[in-house]
Amino acid sequence: MTSVSLPRELAVPARAAESGRDRTYWLRKRLESAIIPLFALLIAAAAFSVFLICLGKWPSDFFALVWRGAFGSAFSLQNTLLRAAPLLLTALCVALPAQLGLVVIGGEGAVVLGGLAAAAVAPLVAGLPPAAVQILMGLAGCAVGAAWIGLVGLMRARRGLNETIVSLLMAYIAIAIFNHLVEGPLRDPASLNKPSTRDIGEINMLGHLPGTDVHPGLLIGILACVLFYILIYRTSFGFAARVTGGNLRAAQLQGLPVAGLIIIACALGGACAGLAGTIEVAAVHGKANASLAAGYGYAGILIAFLARQNPLAIIPMSLLLGGITAAGGIVQRRMGLPDATMLVLQGMIFISILASQTLYGRITWFQPRKSA
Amino acid sequence: MASGALSTLAIATLAGALRVSTPFLFVSLGECLTEKSGRINLGNEGALVLGAMTAYAGSYLAGNPWLGVLVAATCGGLLGVLHAGLCSLTRINDIAMGIAIMLAGTGIAFFFGKPYVQPSAPLLPTLPLGLWSDSPQIRSALEVSPLFFIGIVIGIFMTWAFQNTRAGMVVRIVGDSADAARAMGLRINLVRFAATATGSALAGIGGAFLSLVYPGSWNEGLSSGQGLIAVALVVFARWEPLACIGAALLFGAAGALGPSLQTVGVSQGYYLFNAAPYLLTLVLMFIAVAPGRRMRGAPGELSIVR
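If you're matching them up, the sequences are chains H and E in order. Heads up, our numbering is the position in the first sequence plus 335, with the first residue counted as 1. Heads up, our numbering is the position in the second sequence plus 294, with the first residue counted as 1.
The following block holds chain E by itself, in its conformation from the complex:
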């Protein structure tokens, strides 16, 4: 009995982790890219919600969910363009502007999203990776969205690109030392503009996952703050795209553990599990940072690590 409950728990947590982690994965990769260029974008929460709405609307109107994903990336990217454009003015606080962008993005999504709460749009297909198993639980747990794998590929690509491509190096230089970048004749604002817009587009795709895969509908309570949590997640991952993948899975699993525990009858401490990833991030920061020492891997120009 106990082992049965344990395997139910493990499967439910695995299923939850695969589903819950994908939006985290996209938003954190987007946030990671933006922060690597030396700017923080809390507006990714707005891009996520706007992406969720536009993806659903796009899929409903065009009848093709992949077109919805494209629309979400575009709209998220536009919000990033707004943030990047405004933050390139002098004396603008990127944290406060991010919150304003979050508010505007969420507002626009709710405003235009009202007509799409009721109708059902075509959802993205999933890959049935559990066909080998007889257990319906495992089968449904391993219905993995292709977006999950796309996110992992993007994460691996970003790691490689930061090390091995000119564009990746340029982003890192701009993020680590504006003085060095200026001395090399790099156009700092342009690089940050591109990084922020691309990052927001990724956040938009994360939103598309919410509305087109899991939970797979559009309503105003769809996001549970993944866009803001991504900031913590990127710190946890020490600004490494590969580590972002692991961190997204961990945050997803921690988020899924609570509901899974409920399915096997454990209801105590449900909410404390939700706090586990944040507590872990805090402890990690506490260990990693010492007075007068910057966190390893942190971009030097980033306002939140100075």
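Only chain H is shown next, with the shape it has when bound in the complex:
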């Protein structure tokens, strides 16, 4: 190969030339994605304070109680972590397809069916050692979740059906199938008031992390967030997915396997949601019943959007939401506010953070400076 010498300006890519003149752009770019959400949180807190003052309550009392109830003591922190655990995984079910520009809102379906599959598998393999039973339950939950949301991806990729509507419809179908099986073929005859599947057995339950009341599902969730962060931002698969999400036409012209990417991203997301259901069964309930459809799938949508579909940002956002839910009890008891207070606060936070998306790219200070 012949070497061609280029003039210095041409050989150096534009980006390097630009950063040469605007050295702090990388820092300001990161600051933008930290400051805007914090600003949105402040606005939401201010709006909620006005709401409280109108009701004759002191906002400072309220926020002090929320801090105590969410993070203030070892007990409340563990409560927060427990509530955050399933949300890490259900948020991934939204964030992974979102890399391709898809909005999948039916994670709840994969959660209930994944949990049900895990609970159905456990009695079949009851003779095996607990670790093997747990692994098989996890595999069953992941497989069913992956198949369920993967089907959504398949319909999107091959048939052009809108994934938002299809996943919502499939969530309702999943809950109907779940109810049918739990109240019919898979029902434990001993469960009278609350129809449930058979117990997976105390010995097969996931225990606690040493020295805490927190189950290992939290670690699995955090691990999944980190792994998928690497997958999305550090591998060619993730790069292809983000190219497709950014510009479908460009991806097709480059010959990227768009249909395959869609199906795989949806299936991976579904596997996460199915695993969330499995962990709820294997670590909390010990069986599958109506408690499984607690809205984790829907909460995951919000967390994913709050995290701007970034798997690492899902971790703090899940903790925030988990903390707010965990503090509900103490706020109710100490301030005489109804339990729906936390729902109002959540609503305000989500509206504020979503509305703050409009600020990205609008504040000149965060933008790259034009070289003169």
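One thing to keep in mind: the hints can contain errors.
Derived, one-sided and incomplete: chain E residues facing chain H with beta-carbon distance under 7 Å [as the list claims (entries may be wrong)]: (1) I386; (2) F404; (3) A569.
Quick caveat, the hints were computed from the structure, so don't treat them as lab data. Note that the structure is predicted; figures quoted are calculated from it, not measured. No residue lacks a Cβ here, since even glycine has one placed at the ideal position from N, Cα and C.
Knowing the structure of chain H, use the given hints to seat chain E on it.
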């Protein structure tokens, strides 16, 4: 015996369909109007719950259930104004914002609704259309709420208005092509603002039906997700208000079939009937959509059909 059971089943399903379908009817007409303008509003679920609470509270405090319906429409409309206002900013995802609005609306309804769980408010009167019959079953099945007929009239009016009025055409143009609307000098955000607010007000009235007619009380488990289901229903109805009426009746009947089957002693497959409308919608979408082809009747600007 078998024919007796069958007629019991038919009457119970009819009664259920007339009752269960009315909230579906209002929410889906509201959602249809909003989507025709090119925006989706999942927050209608919040408007429905808020409408149910405020209608009950209004009826209790004012002693007049119709005033409650008015309050519900107003509160639902306000929630729609919030959604529309925020979505008119750039780079806001209307699906996610809808879910946030749903959460906020439900939260506010539960927060202020606590004192109204116990007291009993005056309910809306019903029209006794079954007086001709001797059968008490038929009589009670045909106790139809005037809201049902109001909903049908609104549906027919909307169909007519989309075809024949300037306002209806403007909504359709804005929903089908923002570029065309811009070229005509239409104010896109203003049109969507009005359509979303009106749609949410209709969803609020749907909620008023839940608390003031059937089941006719206020509690936190009142809604079974009708506001979200309405999105599926509108797809099923291909964005046609007239078809929304039929679809609402069908969804209502499918929802009522399960409990009716139980009354005649069939308890197997109860829950699978609940899934029937969604499965049907899915199958219809599957048939109607082909790669590279948009669904017939779908507004071109709607994020969920692009």
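Enumerate the violated hints, using their earlier numbering and listing them in ascending order.
Nothing - there is no hint that the structure violates, so all of them hold.
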